[in-house]
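K.L.:
The chain contents come next:
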Amino acid sequence: MAEVVHMIDSEVFLAFSTYATFVILKMMLMSFMTSYFRLTRKVFANLEDTALVKSEEDKKKLVRIDPDVERVRRCHQNDLENVVPFVLIGLLYALTGPDLRTALLHFRVFVGARFFHTVAYLTPLPQPCRALAFLVGIITTISMAYRVLRTAFYL
Amino acid sequence: MAEVVHMIDSEVFLAFSTYATFVILKMMLMSFMTSYFRLTRKVFANLEDTALVKSEEDKKKLVRIDPDVERVRRCHQNDLENVVPFVLIGLLYALTGPDLRTALLHFRVFVGARFFHTVAYLTPLPQPCRALAFLVGIITTISMAYRVLRTAFYL
Amino acid sequence: MAEVVHMIDSEVFLAFSTYATFVILKMMLMSFMTSYFRLTRKVFANLEDTALVKSEEDKKKLVRIDPDVERVRRCHQNDLENVVPFVLIGLLYALTGPDLRTALLHFRVFVGARFFHTVAYLTPLPQPCRALAFLVGIITTISMAYRVLRTAFYL
Numbered sequence: 001m002a003e004v005v006h007m008i009d010s011e012v013f014l015a016f017s018t019y020a021t022f023v024i025l026k027m028m029l030m031s032f033m034t035s036y037f038r039l040t041r042k043v044f045a046n047l048e049d050t051a052l053v054k055s056e057e058d059k060k061k062l063v064r065i066d067p068d069v070e071r072v073r074r075c076h077q078n079d080l081e082n083v084v085p086f087v088l089i090g091l092l093y094a095l096t097g098p099d100l101r102t103a104l105l106h107f108r109v110f111v112g113a114r115f116f117h118t119v120a121y122l123t124p125l126p127q128p129c130r131a132l133a134f135l136v137g138i139i140t141t142i143s144m145a146y147r148v149l150r151t152a153f154y155l
Numbered sequence: 001m002a003e004v005v006h007m008i009d010s011e012v013f014l015a016f017s018t019y020a021t022f023v024i025l026k027m028m029l030m031s032f033m034t035s036y037f038r039l040t041r042k043v044f045a046n047l048e049d050t051a052l053v054k055s056e057e058d059k060k061k062l063v064r065i066d067p068d069v070e071r072v073r074r075c076h077q078n079d080l081e082n083v084v085p086f087v088l089i090g091l092l093y094a095l096t097g098p099d100l101r102t103a104l105l106h107f108r109v110f111v112g113a114r115f116f117h118t119v120a121y122l123t124p125l126p127q128p129c130r131a132l133a134f135l136v137g138i139i140t141t142i143s144m145a146y147r148v149l150r151t152a153f154y155l
Numbered sequence: 001m002a003e004v005v006h007m008i009d010s011e012v013f014l015a016f017s018t019y020a021t022f023v024i025l026k027m028m029l030m031s032f033m034t035s036y037f038r039l040t041r042k043v044f045a046n047l048e049d050t051a052l053v054k055s056e057e058d059k060k061k062l063v064r065i066d067p068d069v070e071r072v073r074r075c076h077q078n079d080l081e082n083v084v085p086f087v088l089i090g091l092l093y094a095l096t097g098p099d100l101r102t103a104l105l106h107f108r109v110f111v112g113a114r115f116f117h118t119v120a121y122l123t124p125l126p127q128p129c130r131a132l133a134f135l136v137g138i139i140t141t142i143s144m145a146y147r148v149l150r151t152a153f154y155l
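Protein chains in written order, with UniProt numbering: chain A, 1 to 155; chain B, 1 to 155; chain C, 1 to 155.
These are computed hints drawn from the structure, not numbers from a lab.
Treat identical chains as interchangeable: a pair holds within one or across any two.
Straight-line alpha carbon distances no greater than 30 Å define the calculated DSS-like cross-link-like pairs of lysine-lysine that follow:
{"no.": "1", "residue 1": "Lys54", "residue 2": "Lys42"}
{"no.": "2", "residue 1": "Lys42", "residue 2": "Lys61"}
{"no.": "3", "residue 1": "Lys42", "residue 2": "Lys60"}
{"no.": "4", "residue 1": "Lys42", "residue 2": "Lys59"}
Please build the complete structure, drawing on both the sequences and the hints.
P.N.:
Right under this line is the structure:
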């Protein structure tokens with residue numbers, strides 16, 4: 001019993017909470033970047049949104065697709081596909097009571113890889129920068145999933 | 001120890017569970033709305049799906065893009081990008097043992113803002129209705145993230 | 001107090017951790033399938049990604065849309081829209097202390113339905129195979145949400 005409570009109150013759980021919050025906030029930042037690009041470049045997905053900018057142009061022409069907006073959106077989508085699994089598996093991982101140093105290594109590598117992934121996607125840096133950042137993130141999550149399965153396996 | 005257990009068993013955690021479940025169910029409802037629009041308007045993303053409606057028309061012509069279906073899908077995507085971070089950060093926030101009234105305020109404002117966001121997106125209401133609903137949701141989540149970081153900060 | 005701790009340490013929570021991890025890993029597998037299709041069919045979303053394949057063709061022509069890649073991506077998106085709600089609601093559900101057999105039934109049906117959904121989407125199997133797999137998954141999640149609301153209702 002004390003062991004379980006220790007897990008939630010532990011430094012591992014505090015560290016998980018900190019890194020998870022940072023990487024979720026980073027993911028949410030992509031929404032603002034999309035909005036910023038849409039407003040400054042006048043590229044909208046909905047006709048009613050064109051009212052947000054003063055423009056002499058025909059409103060309907062502002063509802064279009066822009067390569068830079070699509071790039072930010074793909075980056076956001078990639079975050080959804082990778083950060084959410086990290087946080088969900090990381091939560092279960094933190095509850096398995098891993099060694100603090102090992103846990104910190106996982107959290108730091110993942111969060112670092114995802115921040116670099118965003119830079120690599122938006123600059124864009126030449127490949128395989130982004131591909132490697134993506135792979136490092138995935139491998140970290142799989143490594144945590146492996147520990148969860150090894151510890152909690154119950155089918 | 002008793003403190004941590006109190007957190008999970010607390011009214012804050014019960015309230016979190018209730019509001020999180022409501023807003024996730026609302027998000028899942030968007031899947032049904034997409035299916036409804038696809039079936040009634042005969043607009044499909046996959047050739048095999050055209051078998052779901054009896055139609056005299058050429059099946060291939062039913063695989064196309066429809067502005068109303070895309071609007072529902074963008075609304076669903078916006079939910080994924082905002083509701084999932086709310087639930088993940090809200091879970092960590094509920095474990096930091098916040099004041100019940102403050103916590104309820106956060107949960108109610110977020111859930112209210114997201115329900116209004118959906119109405120504003122699908123009606124559609126004139127801007128900046130939707131933009132404000134989106135912002136209120138984001139700010140609520142950031143406010144909870146701030147408390148998580150202040151309480152659990154461990155890098 | 002002992003009751004709450006029992007919930008996290010219980011067989012229900014272990015089972016939840018196992019099934020949730022499996023279905024999240026399955027969802028992450030879709031990223032690799034997308035990459036595999038993009039690399040083998042030389043279909044890219046970003047100009048810089050074309051450097052990942054040796055190709056005589058004009059690089060710009062490789063940035064295009066391919067029906068098979070889009071199919072994998074829709075399948076991945078459907079996973080995001082369904083697996084993430086399952087894991088989030090399932091976590092709260094596991095903390096309500098359900099009967100082990102009932103909980104296992106929910107987890108097994110959901111995970112089975114989603115694996116079948118992926119097979120049905122990518123083969124593709126004739127409808128309504130995929131529609132039924134999707135529905136079974138949604139109903140399982142709603143059934144868990146119902147128990148969470150019945151147990152933890154606090155507005």
